[in-house]
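So the protein sequences, as listed, match chains D and H.
Using this note's numbering, you'd call the opening residue of the first sequence number 1 and step up by one each time.
Using this note's numbering, you'd call the opening residue of the second sequence number 308 and step up by one each time.
It is possible that some hints are incorrect.
Covered stretches of chain D (in silico footprint by chain H; criterion: 3 or more residues with CB under 8 Å from a CB of chain H, positions within the stretch not fixed) [as the list claims (entries may be wrong)]:
hint	stretch
1	31-39
2	63-77
3	161-169
Simulated from the structure, these hints should not be mistaken for lab results.
Backbone N, C-alpha and C fix where the C-beta goes; we use that ideal spot for every residue, glycine too.
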Amino acid sequence: MSMMPARRPRRRGFTLVELLVTMTILGLLGTMVTAVMVGQQRFFQRTTQQMDVRRELRTAINVLSAELRGVSSVAGDIVAFDRMSITFRGVVGSSVVCATPSRALVDLAPANMARLQLTNFTNDPGIGDTIVVLRDDSSGVAGEFWSAHRITSVSSSVTTCLVAPYVDAVLDVGKARLRLGVSPNLPDSVVAGAPLRLLRTTRFALATEASGSWYLGRSEYAGGAWSTAVSIAGPLNAASASGTGGLGLAMYDSLGAAVTAIASGNRISRIDVVARATGERSSGVVGSNTTAVTDSLLVSVALRNRR
Amino acid sequence: MTTIAQSCYPPRLVRDRRGSALMFVIIAMVLLAVLSLSAVMSTMQEFRAGRNLLSQQRALPIAEYGLNGQLANWSASHTALAVGGIDSSNVVVTIGDTAKVAVMRLNSATFLVTSLGRSSVGNGQLESQRHVSMLVRVASPSLTPGSVLTSLGNVAARESSVLTGQNTTPPNWLACASARDTFAISYKPGAAVAVQKPVSQSVGGTNADPTLNGANALRLFGTETWATLVARANIRVSGNVNPSPVGSFASCSFGMSNWGEPSRGGGAVVGCQSYFPIIYSAGDLSLSSGRGQGILIVDGRLNIRGTFSFAGLILVRDEFWGEGNMELHGAVMSRNANGAETRVRGNAKLNYSACAIDKALSSQAVPSRSKHRSWVQLF
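Okay, chain D solo, but in the shape it has when bound (with noise of 0.2 Å):
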């Protein structure tokens, strides 16, 4: 019996042909695939730098053009200004004097009052802010007249100011009411009922934080020093005198007329404001150079308490 060899199966390759056709054609698929997908990213991220830096600009512009907005030039409260930074005395609460139980002493009428609100503060009063108040000596509009005095002392209590006409005597039970010191003394024509600012003097710059990018902040005049400046929004571009940085600022008078001296800083009726950012260096498309977005947001503050 003779025993028949095995058959071996055969073994079926691809050409070498066949490889090179299938690895080219791979290859081309492989790199317009990839192609897409770099594009598809780089656009991804082109978009989001377009985000943030057209979000950081809103913030910017809008907290400084909330804050400028219910300055009082004409009662000269912006302080100091040039085409890149501004200081000035800021409303950072109103109220209502609802007593006052000395010429040192005044009680303010409780927040969150349930029938119309009279005070609220958006920084709580602090010793060595200023509150101005206005005088009921005057006649008519023509003489009216604001007094300006230093806080000494805040506390606060429920059981003040109980019986004024301002505050409901049983819905506005237990809500907390402050007391303020006072120094110089209130004068006899404040009276309850007259209207109170709370000022404090704050200034918006450009700086630099660590990474060395450029950021607006914030900072207050408090206890007789500066704090330390609060990044808003960021970050801008570089900072420059001529108002060409990341933050420009320009004056103008009712008339439409640039005012750049502070001497004449009492005539400003509007604030142009303008801020600038550039994101990070990236392409667009394949194949494209590299470019920085860039962007600014202008708009033109009126001063409300400009007369």
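Start from chain D and add chain H according to the hints.
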């Protein structure tokens, strides 16, 4: 049918064709989809941020529209508020954009106006609001009569008429502060004053007032002039009218014959009690019945007869004649420009009332933004 060729060859091995192209394509598609979706999401987010910013920005002008509207259309009801009183209303700017405005009287001359502007109301994802306030000061005409009857010409009081300089509160009027008494009659030095019954007819006496010698006497009234008061007239009458208040308990229907409601108590038109108009007559005026309050300016002769009653201030260019049962609470000032005599006779009663004068003047207060620090944003 089987062919020979097919039967001569062994059956062809059908092997699994294993490849990775499909997997690569799927992965690539997934990656592309993710990246594209991210880009779309980013763009959508940017769009939403812009849309929200637009809505947020719109809320501020809406709030300021509410504020400025109150100032431009200052209501007499605001001026009539008691200290601590609030008058609130909703101002619809456009569909979905509304300002809620409130006015509170802080003291005699100062009002606080707040406005909560809301945009895209009803759209939970877009609704924004801004809250602003403004101080408003009112300036009333400054005018202080020195007597119940002031005249630049001759004056005659006869029969049962009574002129009293004693401060008198009109019947049933509330919230009237005490005030000093004054003269019954003030006249320009040199003018003839004839009082038939001096004790009972001119309570407070007469006074030759040298200030009435001035060129602007009874033309300049404190902070106002004859012309500015005329310019602010609410009612211009022609011919003879018998004014009477028209309204209800809560409302007042304004018109040429409605001069407000000086009566208090039963039968009074309550809705018109806070209405103190300036009434102007370009020529002579005769009144025989009816009632009213406010400031009556007559560019000619004023003749009041019958039962007409008035509370407030009366300014007359020529002579003033008060007769019959007419009654006044307030003061009369006649310039006697045509040289004729001012006379009061019959049962006419002229009562000096600082309260009626004050109400008439304060109702004409002109509102204005407080200076320097009127506007503030609330949080």
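Against the structure, the hints:
no., hint, result
1, 31-39, "holds (count 3)"
2, 63-77, "holds (count 6)"
3, 161-169, "holds (count 3)"
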